[in-house]
Amino acid sequence: MTLWRLEWLRLVRTRRLVAILAVYLFFGITGPFTVRYLGDILGRAGTGRIKFELPPPVPADGIAQFVGNASQIGLLVVVLVSASALAFDARREMAIFLRTRVDSVGRILVPALAVNTIAAVAGFVLGVAATWYETAVLIGAPPVGRMLIGLAYGVLFLAFAVATVAAVASVVRGTLAAAGVSLVALLVLAVLGNIGWLAHWVPTGLAGALGAIVRDADPVDYLPAVGVSIVLTGLLIWFATVMGSRREI
Amino acid sequence: MIVSTTGLTKRYGTHTALDGVDLAVPEGSVYGLVGPNGAGKTTLLALLAGLRKPTAGELTIAVAKRKVALLPDTPQFDPWLTGREVVELARGLMGVAADPDRVLADAGLADAADRRVGGYSRGMLQRLGLAATIVGEPEVLLLDEPASALDPAGRREVLDLIARMRGHATVILSSHILGDVQEVCDTVGVLRAGRLLFQGPIANLLVGRAVPAYRIKLRPPTDGVAAALRALPWVTGVEPDGPDTLRCNVSSLAEAESRLPGALAEAGARVVSLAPLAPDLEDVFLELTS
Chain A
19 MTLWRLEWLR LVRTRRLVAI LAVYLFFGIT GPFTVRYLGD ILGRAGTGRI
69 KFELPPPVPA DGIAQFVGNA SQIGLLVVVL VSASALAFDA RREMAIFLRT
119 RVDSVGRILV PALAVNTIAA VAGFVLGVAA TWYETAVLIG APPVGRMLIG
169 LAYGVLFLAF AVATVAAVAS VVRGTLAAAG VSLVALLVLA VLGNIGWLAH
219 WVPTGLAGAL GAIVRDADPV DYLPAVGVSI VLTGLLIWFA TVMGSRREI
Chain B
616 MIVSTTGLTK RYGTHTALDG VDLAVPEGSV YGLVGPNGAG KTTLLALLAG
666 LRKPTAGELT IAVAKRKVAL LPDTPQFDPW LTGREVVELA RGLMGVAADP
716 DRVLADAGLA DAADRRVGGY SRGMLQRLGL AATIVGEPEV LLLDEPASAL
766 DPAGRREVLD LIARMRGHAT VILSSHILGD VQEVCDTVGV LRAGRLLFQG
816 PIANLLVGRA VPAYRIKLRP PTDGVAAALR ALPWVTGVEP DGPDTLRCNV
866 SSLAEAESRL PGALAEAGAR VVSLAPLAPD LEDVFLELTS
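Sequence lines, in order, name chains A and B.
Our numbering applies: residue 19 is where the first sequence begins, and numbers increase by one.
Our numbering applies: residue 616 is where the second sequence begins, and numbers increase by one.
Simulated from the structure, these hints should not be mistaken for laboratory data.
Just to be clear, a hint being listed does not mean it is correct.
Claimed, not checked - Below, a sample of chain B positions facing chain A; criterion: calculated Cβ distance under 10 Å: (1) Glu642; (2) Ala664; (3) Val683; (4) Glu902.
A virtual CB, placed ideally from N, CA and C, is assigned to each residue, including glycine.
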């Protein structure tokens with residue numbers, strides 16, 4: 019038994035992997051469906067005196083609907099699941115079991131970080147694949163190249179988000195505290211992303227890149243955020259390792 | 616010495632948890648760490664395990680860090696793992712080739728090995744913790760209250776397990792159960808308020824503290840017997856010591872050995888039992904820490 023298998027079992031036996039995959043898949047299926055039939059749904063819900071007229075949906079609308087949901091509810095689930103693994107000091111007795119049997123905290127941190135990032139990416143890819151299929155069937159095929167670039171940006175953002183949880187968990191001890199502080203930090207970044215010149219630099223901008231790029235945004239505009247995300251992800255992992263090593267149990 | 620500390624001090628803000636502790640643990644010994652709540656036992660074990668850093672002082676452990684294992688007083692594991700998986704994980708992390716089944720059997724968990732840990736009782740968790748610790752073949756084993764959660768049978772198994780480790784590993788255990796410490800430990804350290812009040816072989820702690828007294832259990836009535844004993848010149852005092860039991864302090868045990876049976880017979884006492892009072896660790900502990 020290795021720590022890699024431990025993290026895999028944590029995801030599988032606690033159904034956390036199912037939760038991540040199900041959330042992204044659900045929004046992947048319902049996003050394009052909602053966009054395609056929104057006019058009909060509103061029409062049937064109305065009293066007959068109000069008539070809804072919506073412009074015909076385009077493939078980018080289906081993708082944007084998925085991205086909107088996935089970047090909020092999906093991210094929330096990813097952060098909660100990651101925190102449950104990365105806050106390994108939350109219970110002193112369990113922390114003693116792991117920490118007294120490894121030479122460095124990195125040996126515990128890396129599998130937890132990697133397995134949870136892979137799970138988050140798997141969920142996101144599954145959701146994007148479902149969105150792609152549904153959009154192609156119901157609305158029209160989205161551009162493949164732009165979809166893949168947006169997907170790559172989304173994957174990078176998820177890696178950054180999980181690294182953020184790891185860094186926070188090395189400072190605060192509880193699972194819920196780690197998840198809560200991480201979400202606040204990501205929210206603050208998202209707010210900063212609304213400030214003019216910062217928009218293309220903050221990593222949270224990558225969360226919605228898929229929808230924007232499929233519509234008409236230039237993928238090159240996101241390169242500063244890509245660079246910042248890669249650098250910050252590395253720094254956050256380094257920070258988590260250093261702070262985790264210093265922490266007293 | 617396999618474990619030694621010099622002036623080991625640990626402060627949490629203004630609170631001093633350990634104050635200049637000079638610990639000396641002989642290799643292969645079973646060292647009992649006793650002290651009231653808040654004495655600093657858990658802090659000392661955490662420092663020895665490398666989980667906390669000392670504020671001052673030096674700490675030397677003559678084995679690799681990987682060969683030092685700590686078992687907390689209430690071990691916890693991910694509830695969705697089986698007992699066997701916990702032991703296999705511990706073995707994998709330590710990189711040793713020990714047989715998990717044998718270790719689980721030694722801990723009395725052979726039948727529960729494939730059950731999820733979430734369904735284990737507290738006593739089973741403690742035994743699983745011990746199994747997961749022993750499987751790593753540690754050279755220094757730190758046990759924090761290892762028998763505190765166990766029923767009498769489980770406690771006996773754990774004490775036997777610790778006793779069997781003598782000579783194979785150095786064991787440092789903290790315990791509130793002084794009888795356990797007296798039974799399995801050959802060396803003892805008494806902590807109070809972060810200070811090490813005594814350290815050495817248990818025999819050295821007890822020697823010189825023998826009280827010249829006898830405990831006499833009688834058939835009632837006992838009042839007449841007590842009065843007769845008080846009148847004897849070599850009896851320094853007689854006090855009730857439980858129902859139908861007297862504690863008889865004498866000027867010397869040798870004198871009592873030759874005269875006490877006859878004195879009891881002359882007083883018409885119906886003696887159920889008669890035994891000299893031996894000092895135990897609890898008496899000495901209370902004397903040291905009071």
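Going through the hints against the structure:
Restraint check, Glu642 of chain B versus chain A: the minimum CB separation of about 20 Å is more than 10 Å; hint violated. Restraint check, Ala664 of chain B versus chain A: the minimum CB separation of about 6 Å is within 10 Å; hint holds. Given hint, Val683 of chain B at the interface with chain A, holds; its Cβ is 7 Å from that chain's nearest Cβ, closer than 10 Å. Checking Glu902 of chain B against chain A by beta carbon gives a least distance of about 33 Å; that is not within 10 Å, so the hint is violated.
Of the numbered hints listed earlier, those contradicted by the structure are 1 and 4.
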